[in-house]
Amino acid sequence: MNNTVKTKFQDILRKPLFLPLFALGLMLIINVIITPSFFKISIQNGVLYGYLIDIINRGSELCIMAVGMTLVVASSRGADISVGAVAAVAGAVCVRLLGSSYEAYAVPMIVAILLCLLAGALCGAFNGFLVANLKIQPMVATLILFTAGRGMAQLISAREIGDKMVPGQILYVRMESFKNIGGYLPHIVVPTPVFIAVAFVLITWLILKKTALGLYIQSVGINPKAVRLVGINSTLIIFLTYVFCSFASGLAGLIAASRIYSSDANNIGLYMELDAILAVALGGNSLAGGKFSLAGSVIGAITIQALTTSLYAMGVTADQLPVYKAIVVVLIVAIQSEELKRWRVQWKVRQQKLKEAA
Amino acid sequence: MPSLTKLKSVRSRLGGNNFLLTVTISMFVLMYLVGMVVYEQQNFGTMQTFFNMLMDNAGLIIAASGMTLVLITGGIDISVGSVVGVVCMMLADLMENKGMGAYPAIFLVLVFGIIFGAVQGWLISYLKLQPFIVTLAGLFFARGLTAMISVEQIAITNEHFLGMAHKSIKVFFGAVVNKRGIKLYPFVHPNVIIALVAMLSVWYICRYTKFGRSLFAIGGNEQSALLMGLNVKRIKLLTYTLNGFLAALAGVAFCLNTVSGFVEQARGFEMEAIASAVIGGTLLTGGVGTVIGTFFGVLIKATIETFIRCDGTLSSWWNKIVLSALLCFFIVLQSVFTYIKNKKNQSI
Chain F
1 MNNTVKTKFQ DILRKPLFLP LFALGLMLII NVIITPSFFK ISIQNGVLYG YLIDIINRGS
61 ELCIMAVGMT LVVASSRGAD ISVGAVAAVA GAVCVRLLGS SYEAYAVPMI VAILLCLLAG
121 ALCGAFNGFL VANLKIQPMV ATLILFTAGR GMAQLISARE IGDKMVPGQI LYVRMESFKN
181 IGGYLPHIVV PTPVFIAVAF VLITWLILKK TALGLYIQSV GINPKAVRLV GINSTLIIFL
241 TYVFCSFASG LAGLIAASRI YSSDANNIGL YMELDAILAV ALGGNSLAGG KFSLAGSVIG
301 AITIQALTTS LYAMGVTADQ LPVYKAIVVV LIVAIQSEEL KRWRVQWKVR QQKLKEAA
Chain W
359 MPSLTKLKSV RSRLGGNNFL LTVTISMFVL MYLVGMVVYE QQNFGTMQTF FNMLMDNAGL
419 IIAASGMTLV LITGGIDISV GSVVGVVCMM LADLMENKGM GAYPAIFLVL VFGIIFGAVQ
479 GWLISYLKLQ PFIVTLAGLF FARGLTAMIS VEQIAITNEH FLGMAHKSIK VFFGAVVNKR
539 GIKLYPFVHP NVIIALVAML SVWYICRYTK FGRSLFAIGG NEQSALLMGL NVKRIKLLTY
599 TLNGFLAALA GVAFCLNTVS GFVEQARGFE MEAIASAVIG GTLLTGGVGT VIGTFFGVLI
659 KATIETFIRC DGTLSSWWNK IVLSALLCFF IVLQSVFTYI KNKKNQSI
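Chains as they are written, first to last, in the working numbering: chain F, 1 to 358; chain W, 359 to 706.
FYI, nobody ran anything at the bench for these hints, they're computed from the structure.
Keep in mind that the hints are not guaranteed to be accurate.
[As the list claims (entries may be wrong)] According to the in silico footprint, chain W covers these stretches of chain F (three or more CB under 8 Å from chain W):
| no. | segment |
| --- | --- |
| 1 | 131-145 |
| 2 | 243-257 |
| 3 | 329-341 |
Just so it is clear, CB atoms sit at the ideal spot from N, CA and C, and this is done for glycine as well.
Full structure from sequences and hints, please.
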């Protein structure tokens with residue numbers, strides 16, 4: 001009897017989503033202890049209001065990015081560190097197209113949004129070409145956009161001052177309806193980014209489940225050469241995951257730009273690359289590629305947002321936040337490491353031997 | 359046929375690993391000559407302009423030398439920019455708010471760099487974590503630490519430190535005669551001396567010590583280096599520790615230029631260091647590279663900067679974009695180069 005309970009318990013422990021959910025639960029419990037009104041949700045000014053809503057609202061961008069990042073990690077065994085910069089570029093493109101002055105809106109909103117997403121996908125095509133076709137290590141290849149991206153966003157954020165176009169400005173949008181993307185749709189109490197994130201994750205999940213793409217991505221991540229011999233175009237698969245990841249960053253950049261109602265090349269998507277990688281790692285996905293779980297990454301992203309929100313509540317400023325996150329990343333990656341597992345097994349064997357000797 | 363053997367020897371010298379170095383040096387010479395012609399009005403050709411390039415990039419020379427060591431082992435360190443930032447902030451904080459002298463403060467930050475590098479190195483070599491993840495975490499950690507010390511900009515007013523920063527050392531060649539007929543000798547600041555000494559030491563280590571040769575062995579093929587009996591883990595740990603020290607030293611040299619500490623300092627510096635090393639012919643796959651090439655990589659970056667400054671109409675963001683494009687070009691070149699090499703090996 002006791003044994004069956006024990007094995008059942010061990011079964012639960014072995015479930016792939018156990019650790020991510022456990023981390024999320026832990027985070028929520030800590031939050032309840034710090035702020036007792038944590039789970040309270042009320043309606044103020046016709047919209048939902050509360051800590052939880054805040055977390056899923058602010059976490060939508062990260063959710064979207066983490067899903068893209070998951071596929072990149074799964075297929076190419078390396079992360080895309082340019083996601084934050086790509087978001088800044090996409091945000092800048094969108095706001096610049098919507099018009100940089102009071103006079104005229106250069107293009108209709110839908111065109112601006114589409115071109116902004118296209119800009120994201122183009123950045124991804126560049127990354128993907130370097131990684132998939134030229135076989136450059138993913139992080140080195142994406143390092144180029146990691147630094148150049150913000151410079152490009154600054155150049156795009158140009159405004160006419162006097163007679164000259166001056167780059168590096170913070171551009172403001174003068175279109176009321178643009179606020180809806182990062183804010184609230186009329187008469188709907190749930191923030192729009194949540195809908196966008198849910199739709200994005202669902203569509204991605206459906207595409208991966210209903211087609212063989214998900215399986216292809218996993219197998220490419222496990223052994224690209226074997227996959228190649230089976231007849232799957234591994235280069236194309238890796239290329240596509242990068243395009244998809246940057247497209248997701250573009251979408252996140254669009255939401256971020258709409259949220260602040262302007263383009264801020266320095267701050268949109270700042271420090272997001274670490275958060276996205278952290279979300280993937282927290283979600284129980286190995287950073288060495290192969291099998292992946294979208295649900296895990298989404299849970300990871302929400303956990304990180306909960307961590308961020310609670311750290312803010314404790315009085316940590318945005319600048320200091322990376323310190324804590326960096327420590328968490330190293331701890332998670334270290335716990336996952338093969339070497340540590342080997343040490344643990346060795347230790348167990350040694351203990352067993354000592355027991356037998358005694 | 360003596361001419362053919364001569365051609366062959368030239369070819370073998372140009373071929374292989376020297377090819378990228380040759381491209382780099384000729385590129386630098388070409389760019390510099392173009393600059394001398396186009397920006398003659400802005401005194402591009404004078405010796406002082408060249409020394410200014412060294413003075414502005416003293417920190418980068420040191421950091422890129424350390425980066426070359428790490429890249430040769432097949433690893434990477436993207437935390438150097440943040441380390442430079444945190445070192446500047448620590449120096450400013452220690453001297454201004456804690457009232458410490460210049461030399462103890464410098465000593466302390468160098469120790470900090472060594473510890474920082476050693477921790478990263480331990481995680482990478484003993485726990486076998488990916489260097490990129492560990493140093494990415496290091497990047498964010500150090501940047502956050504900078505903000506924890508102070509979010510305000512701190513200007514350094516310590517006399518010793520300022521004296522060190524502004525001391526001019528005359529160079530006795532390349533003098534220019536000005537309008538009044540007085541001979542003006544070009545000068546350098548002490549940080550150039552520190553940078554050159556650091557670079558030459560790294561060059562010496564790579565070329566003439568057992569440790570240096572081990573780096574190339576590990577970068578070439580870690581498995582065979584292990585079978586050869588090298589203590590791969592310890593050598594890697596030492597490499598990252600040395601790189602941490604050099605990054606901190608680069609921070610000191612950088613701080614001698616800016617004499618202040620603030621949160622956003624040296625952002626993107628790691629990319630400049632990696633770009634310099636890669637442009638200088640260090641292969642990102644490890645096993646190949648020289649510090650001399652890295653030095654020329656820094657000079658190319660400095661030349662681009664001087665172009666942009668002389669031109670006057672381009673904004674500073676172009677600097678990063680051009681450098682990234684150059685990095686991209688060289689990475690692609692390397693990729694093609696490795697592809698051809700592999701194909702050749704396969705045909706044999």
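Right, here's what the structure says about each hint:
With 10 residues having a beta carbon nearer than 8 Å to a beta carbon of chain W, the segment 131-145 of chain F meets the requirement of three or more and the stated coverage holds. With a cut-off of 8 Å between beta carbons, the segment 243-257 of chain F has 0 residues touching chain W; three or more are needed, and the interface restraint is violated. With 8 residues bearing a CB less than 8 Å from a CB of chain W, the segment 329-341 of chain F meets the requirement of three and the coverage assertion stands.
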